[in-house]
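Novice: Kindly generate the complete structure, drawing on both the sequences and the hints.
2 protein chains.
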Amino acid sequence: MYIKNPMEIEDKSMDIIDEVMGDTYFSKEEIIIAKRMIHTTGDFEYRKIIDFKEDFIKNAIETIKEGTTIFTDTKMAYMGINKPALEKANCRLKCFIDDERVFKMSKELNTTRSACSVDLAVSEGIDVFVVGNAPTALFRILELYKEGKVNPKFIVGVPVGFVGAAESKEYLREFSIPQISTVGNKGGSNVAASIINALLYMTVGR
Amino acid sequence: MYIKNPMEIEDKSMDIIDEVMGDTYFSKEEIIIAKRMIHTTGDFEYRKIIDFKEDFIKNAIETIKEGTTIFTDTKMAYMGINKPALEKANCRLKCFIDDERVFKMSKELNTTRSACSVDLAVSEGIDVFVVGNAPTALFRILELYKEGKVNPKFIVGVPVGFVGAAESKEYLREFSIPQISTVGNKGGSNVAASIINALLYMTVGR
Numbered sequence: 000m001y002i003k004n005p006m007e008i009e010d011k012s013m014d015i016i017d018e019v020m021g022d023t024y025f026s027k028e029e030i031i032i033a034k035r036m037i038h039t040t041g042d043f044e045y046r047k048i049i050d051f052k053e054d055f056i057k058n059a060i061e062t063i064k065e066g067t068t069i070f071t072d073t074k075m076a077y078m079g080i081n082k083p084a085l086e087k088a089n090c091r092l093k094c095f096i097d098d099e100r101v102f103k104m105s106k107e108l109n110t111t112r113s114a115c116s117v118d119l120a121v122s123e124g125i126d127v128f129v130v131g132n133a134p135t136a137l138f139r140i141l142e143l144y145k146e147g148k149v150n151p152k153f154i155v156g157v158p159v160g161f162v163g164a165a166e167s168k169e170y171l172r173e174f175s176i177p178q179i180s181t182v183g184n185k186g187g188s189n190v191a192a193s194i195i196n197a198l199l200y201m202t203v204g205r
Numbered sequence: 000m001y002i003k004n005p006m007e008i009e010d011k012s013m014d015i016i017d018e019v020m021g022d023t024y025f026s027k028e029e030i031i032i033a034k035r036m037i038h039t040t041g042d043f044e045y046r047k048i049i050d051f052k053e054d055f056i057k058n059a060i061e062t063i064k065e066g067t068t069i070f071t072d073t074k075m076a077y078m079g080i081n082k083p084a085l086e087k088a089n090c091r092l093k094c095f096i097d098d099e100r101v102f103k104m105s106k107e108l109n110t111t112r113s114a115c116s117v118d119l120a121v122s123e124g125i126d127v128f129v130v131g132n133a134p135t136a137l138f139r140i141l142e143l144y145k146e147g148k149v150n151p152k153f154i155v156g157v158p159v160g161f162v163g164a165a166e167s168k169e170y171l172r173e174f175s176i177p178q179i180s181t182v183g184n185k186g187g188s189n190v191a192a193s194i195i196n197a198l199l200y201m202t203v204g205r
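Top line first, the protein sequences correspond to chains A and X. Anchor point for the first sequence: position 61 equals 60 in numbering that gives the first Met the number 0, and the numbering is continuous, going up by one each time. Anchor point for the second sequence: position 143 equals 142 in numbering that gives the first Met the number 0, and the numbering is continuous, going up by one each time.
Derived from the structure by calculation, the hints contain no laboratory data. One or more of the hints may lead you astray.
Said to hold, decoys possible - Pairs of lysine to aspartate or glutamate residues, derived as EDC-like cross-links and limited to a Cα-Cα distance of at most 16 angstroms, are as follows:
1. Lys-148(A) / Glu-123(A)
2. Lys-64(X) / Glu-86(X)
3. Lys-11(X) / Glu-166(A)
4. Lys-3(A) / Glu-142(X)
5. Lys-11(A) / Glu-166(X)
6. Lys-82(A) / Asp-97(X)
7. Lys-57(X) / Asp-22(X)
8. Lys-145(X) / Glu-173(X)
9. Lys-3(X) / Glu-107(A)
10. Lys-82(X) / Glu-123(A)
11. Lys-74(A) / Glu-99(A)
12. Lys-93(A) / Asp-126(A)
13. Lys-3(X) / Glu-166(A)
14. Lys-152(X) / Glu-61(X)
15. Lys-106(X) / Glu-7(A)
16. Lys-3(A) / Glu-107(X)
17. Lys-3(A) / Glu-7(X)
18. Lys-27(A) / Asp-17(A)
19. Lys-106(A) / Glu-7(X)
20. Lys-47(X) / Asp-22(X)
21. Lys-3(X) / Glu-7(A)
Specialist: Encoded structure:
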């Protein structure tokens, strides 16, 4: 026999994760987000590599409450974000990775579509960024910030991988922007989505 | 300065992953899949928890070459699978999680939509299963197999989490079905998608 009730499964999962959180120093709110990242990956190590900066949660929730537009770098993160919760919060989600303008720009500049999709987002006035995959997207956001072209309300910076991902997140942590990131290689679109979902549930409930 | 060419980034990532694979006993084909799972998660530990059974790769590639229909339990896995490669292989992808019939069945039976979506897939003649999230979906496939209602060509079984995920994969490994799974809590829709993408690239190229 196995548990078949979805909310029962989730509640029990969260209880199991709770048991290992004793060696962390997160705030009560931070722990909610950390737990959802662990829930998504099955990886307890996340509790040791998550970094919150500049009142991330407070700023993120305030921004969400205003009904913001959120950029994501991948369709997987886009897909993973809970749409009923997003609607309830009166927020919108944008992913430009398949936008024709992005394809064109990427060829012209010989850079990633992820980076180009950031340019397009900024040109449309978006100032909330969720990066789960592409270091080049995160680097591009920070370049545009330094050039004074965007002032991010908050950044979820959890690119994954072995080329530039760790460095892009280290670079992000140099900036006084409300942010969450991970130290090292780990991250991903699923992790990015779990963070936004945790914030949405904290704001509008489940 | 950071690398901006997508294929260059991927090639360099794969070289870095190669460096840690020396302590594994995968075949030349298995290592390709294992590397893509690590590439997707940023997590070297995957090389220690991946289990291939019953000539998984040979059977999976043969099935893909026939132009099969593939079931996925989540929209995130659906989204993560490379569509041009899928089309090139003349394969199709189905996710029933948002199907009205699944909503209805789930309410009636008080079980997960994931499990019900397996029933729907089987009723439509699907016999290739990719489970990245829901232990209940994997359990359901094996129940239907035991009842003689489906004979899976292959199963990608990488549910993630702390309630039933490890057990569902352990149970899967008791069956003589071509399969890949992970030992323990780790897995996910991104991991599931990475496995199918690796198989597609091995079959039709990048």
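Novice: Going through the numbered hints above, which ones does this structure break? Give me the numbers in ascending order.
Specialist: Those not satisfied are hints 7, 10, 17, 21.
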